[in-house]
Amino acid sequence: MARVKFLCDADRCIECNACVTACKNEHEVPWGINRRRVVTINDGKPGERSVSMACMHCTDAPCAAVCPVSCFYTTADAVVLHSKDLCIGCGYCFYACPFGAPQYPKVGNFGSRGKMDKCTYCAGGPEADSTPAEYAKYGANRLAEGKLPICAEMCSTKSLLAGDGAIIAEIYKERVMKRGYGSGMWGWKTAYSDSPTG
Amino acid sequence: MSISISKLRAVCAAIALLFAVAHPAAAQLSFKPTAEAVQEDQLLKALKEGDKISGRISIPDPMASSLIQPAGREWRDFQRSKLPVIGAVAIIGMFALLAVFLMIRGRIRVDHGFAGIKILRFASFERFTHWLTASCFIILALSGLNISFGRVLILPLFGPEAFSTLTAWGKIAHNYLAFPFMLGLVMMFLIWIKDNIPSKLDLEWIKQGGGILANGKHPPARRFNAGQKGIFWIVIIGGALMSLSGWYLLFPYIPANVTELQFWTVIHAVIAMLFVGVMLAHIYIGSVGMEGAFDAMGTGEVDLNWAKEHHSLWVEEEQAKGRAPDTGSSRPMPAE
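Same order as they appear, the protein sequences are chains A and B. Number 396 marks the last residue of the first sequence (my numbering); no jumps. Number 333 marks the last residue of the second sequence (my numbering); no jumps.
Careful, some of the hints might be misleading.
Said to hold, decoys possible - Among the chain A residues that face chain B by a calculated CB cut under 10 Å, a handful are: (1) 269; (2) 294; (3) 370.
Unchecked claim - Only pairs whose alpha carbons sit at most 20 Å apart, straight line, appear in this in silico EDC-like list of lysine to aspartate or glutamate: (4) B:79 with A:258; (5) A:387 with B:46; (6) B:305 with B:288; (7) A:304 with A:283; (8) A:387 with B:74; (9) A:304 with B:58; (10) B:305 with B:315.
Unchecked claim - Chain B regions said to be covered by chain A (calculated; three or more residues, Cβ under 8 Å): (11) 51 to 61; (12) 72 to 82; (13) 138 to 152; (14) 248 to 262.
Hints are computed from structural coordinates only; laboratory data are not their basis. We put the CB at the ideal spot given by N, CA and C, even for glycine.
Using the sequences plus the hints, can you model the full thing?
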């Protein structure tokens, strides 16, 4: 099995936010929740770069480590998923996540969070694959259909890559070699401790 | 024709030169678009402790503008490896200490035996305030400890579904009971502050070890001795810190900053562990540890001999005010 990852080639990202929109549409993500977002660093200055960021499906994921009810699990493809049936909406995964991936619908009093929602790498959740129950909670399960995440699949500049970590890293390195520059594999050091196989 | 082309070239070169002189960045950009591109490596290296890489975002959620916050991993390490150690030392350590104390010192008895005469120590409103705060504290402490350690200690017993349901209720209880707890803190502060101002008498009490180490030795004390004053101020200051940090965690969208929230969770958790440890000692001495002590918060009336031994000056004051029976007089014991 492959170790799947995301890679955003920031030198190609044009901040069109199509990945954000496609993700919201594919999974019918509720209002106020963004599983993916585009952050622009040094906005308006020479050398600004935009990076599309979602859950990086970390190795030894911090969210899974701190979850008080242990609702996270990692699939054979190294996708980090969680069970909304077990989640209590405490917010711990948000504190621990280096990428701000976990999102919570605002429900109830105070800042009470509903059940956490995050990028599933288009791999659904613990329910049976491609069932209405799975779709309602986690969105589409494209991986079960043999497809890659929609955000990367429809990226018009092929900035956002998804797939086997070793292969997309190779594609990125080839690009950097050919064009002579690259602003980095954003988030990889933090998510995988820079390990290409990790 | 050739002349006009060379002229055109000269003009172009002059314009390019002008641009280069007037705006070096623009000139660079036009030739090398990546020369000044931000590099993730550099940004990561430049990060200060607990800081994050952030930028502009079109989503109306300020928290989403944070791109990478490596501090999350340190927070994870705190939760996973440091907090269990702090908790174990504070709570298991306190249990061990109390067990050893009970073995060596045994239950602290009333040296002169019960007089059979009662004196009112805590009025009903004071007892209500104490038990309001205490009952909230116990549920807050248990649900809080469950959040921190339930995954390791309780989940294997109950299974994921039942444990998740329990913890979800615990979270709701924790959120809501925070408010009566805070109310109790304010009330305790107001009704007992006047008796808890440190005085010279407390130094003497501390010097004699509170008289709890040896039989028959009782340093004088007013309504509250130095130990009780210590508990009072630990509850007030610890409770204030718990309330302040808890307030941020109850309303996470107010600071809207993950770094700040991490800081407050650490404060909340560390103070909580110490708080629980100290309260165990308080519960011990108020129940098992000392004969006659529980009555103060139970019925509100304590035995006169107990009061004389532990709060000699307070008894004298009460007697002077006529609110307590004189030493000589006796009152029929109420049937229990």
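Against the structure, the hints:
1. 269: With a minimum Cβ separation of about 7 Å from chain B (threshold 10 Å), the hint on residue 269 of chain A holds.
2. 294: holds (5 Å)
3. 370: violated (12 Å)
4. B:79 with A:258: holds (18 Å)
5. A:387 with B:46: Status holds; Cα separation ~17 Å.
6. B:305 with B:288: holds (14 Å)
7. A:304 with A:283: Given pair residue 304 of chain A, residue 283 of chain A holds - Cα atoms ~17 Å apart, limit 20 Å.
8. A:387 with B:74: Holds - the C-alpha atoms of residue 74 of chain B and residue 387 of chain A are around 17 Å apart, at most 20 Å.
9. A:304 with B:58: Judged against 20 Å, a Cα distance of about 13 Å means the pair holds.
10. B:305 with B:315: holds (11 Å)
11. 51 to 61: holds (count 9)
12. 72 to 82: Per the Cβ count (4), the hint holds.
13. 138 to 152: It holds, with 6 qualifying residues against the three required.
14. 248 to 262: It holds: at least three residues are needed, and the region 248 to 262 of chain B offers 8 whose Cβ sits within less than 8 Å of chain A.
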